[in-house]
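Using the sequences and the accompanying hints, generate a full structural model.
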Amino acid sequence: IDDDSVAKDFGILDELPALVYFEDKIPNVYEGNLKDEDEVLKWILHQKSEDTIEEVTEEILEMLLRQKEYVMVFFAPDNCKECPKILTELENIDDESDDHGIIIVTTDDTKLAKKQAGVTRLPAIVLFRNGQPVHYKGDLMDEDEILKWMTSEETLDIPDQIESVNQKMLDKLLSTNDYVAVFFTKPKCPECDKVLAELENIDDEAEAMDIDFVKVTDPKIAKAYDIISLPALVFFKKKFPQYYDGNLKDEEQVLKWLTEMKERSDDEIELVDRRMLEMLLEDMESVAVFFFSDDCPECDKVLEELENIDDDTDKQGIYFVKIDDEVYAKELGVSEYPSLVYFEHGVPSIYVGDM
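First residue of the sequence shown: 795, per the working numbering; consecutive thereafter.
Derived by calculation from the structure, the hints in this document are not laboratory data. Zero decoy hints are in this set.
Dumping the calculated DSS-like pairs for lysine-lysine here, alpha-carbon to alpha-carbon at most 25 Å:
1) Lys988 - Lys862
2) Lys879 - Lys931
3) Lys1031 - Lys1014
Quick list of the computed label-pair ranges, beta carbon to beta carbon:
4) Glu1001 - Asp1039: 18 to 26 Å
5) Glu947 - Lys1043: 26 to 34 Å
6) Asp938 - Ser1080: 34 to 42 Å
Note that beta-carbon positions come from the ideal geometry of N, C-alpha and C, so glycine has one too.
Structure, rendered in structure tokens:
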């Protein structure tokens, strides 16, 4: 590329020609001799195969701080003897940081350390949350302590803001938290930004109810949950998704709905549609499904009895749901209502006893 404006954005206009390697959209500038093709190839292969932490220029770092929610920076001056060891420690936790949506980079720009982060002693580690610096005060050589600090809720929590998560973080949340509200949005969406501003007004209230409120900006993740139109809000209760169909800009109505979803009796067997059930069958080892029909007089009575054992099935790791999809029932060989089908590893078995 021969665009000087792009080179200026990366802070390399005065160093042309220059080679930049991108990994996950993060640029890393080659500092060696461009005429030594063997060294250039060795560097590129190293970047591709190893968990390296990119060294960035002032311009690249400032760009990252504008665009990314979480950026951890290792400020390492040129004359630092212990910095290579510290960098090795950080590279050992690079994958874990990715899982939490945290980008780790390094720079030797001491002026930037003072200007952007108020660093007075180098080397230093600083986590930027939406551009705001949080200083690490522990042992720079202790990778476990650094990892614990950088992934703690206290460190990552941005007051009055809904945290952005990636696929791995969302999966972990749904596996470890019973109540998760997910706002699905997308970049360059003015309507999404307006809704987000409203929802962030109730983030603290949701947290007080032990509801983790997060946002997802990757349309591919939304598509996995069959969400076609964005923005959208989904509440997960023990991994069961419930889709909000009201006015997203009415924060009070959204909070009321979240409260109702959260406080709904745990004994109540969740109603799912085919899409939700198929997602459950992909993720869960054991699922019990109660098939019912609106014109089935005894279905309600049987359902009442089954809801008495819902807690017991939960304790055994069996997810109990109900569905009224007659087409799907026929495909499984269910010919009468009510019926109970148990799935283990996706394989159905129809209960033939007295319900």
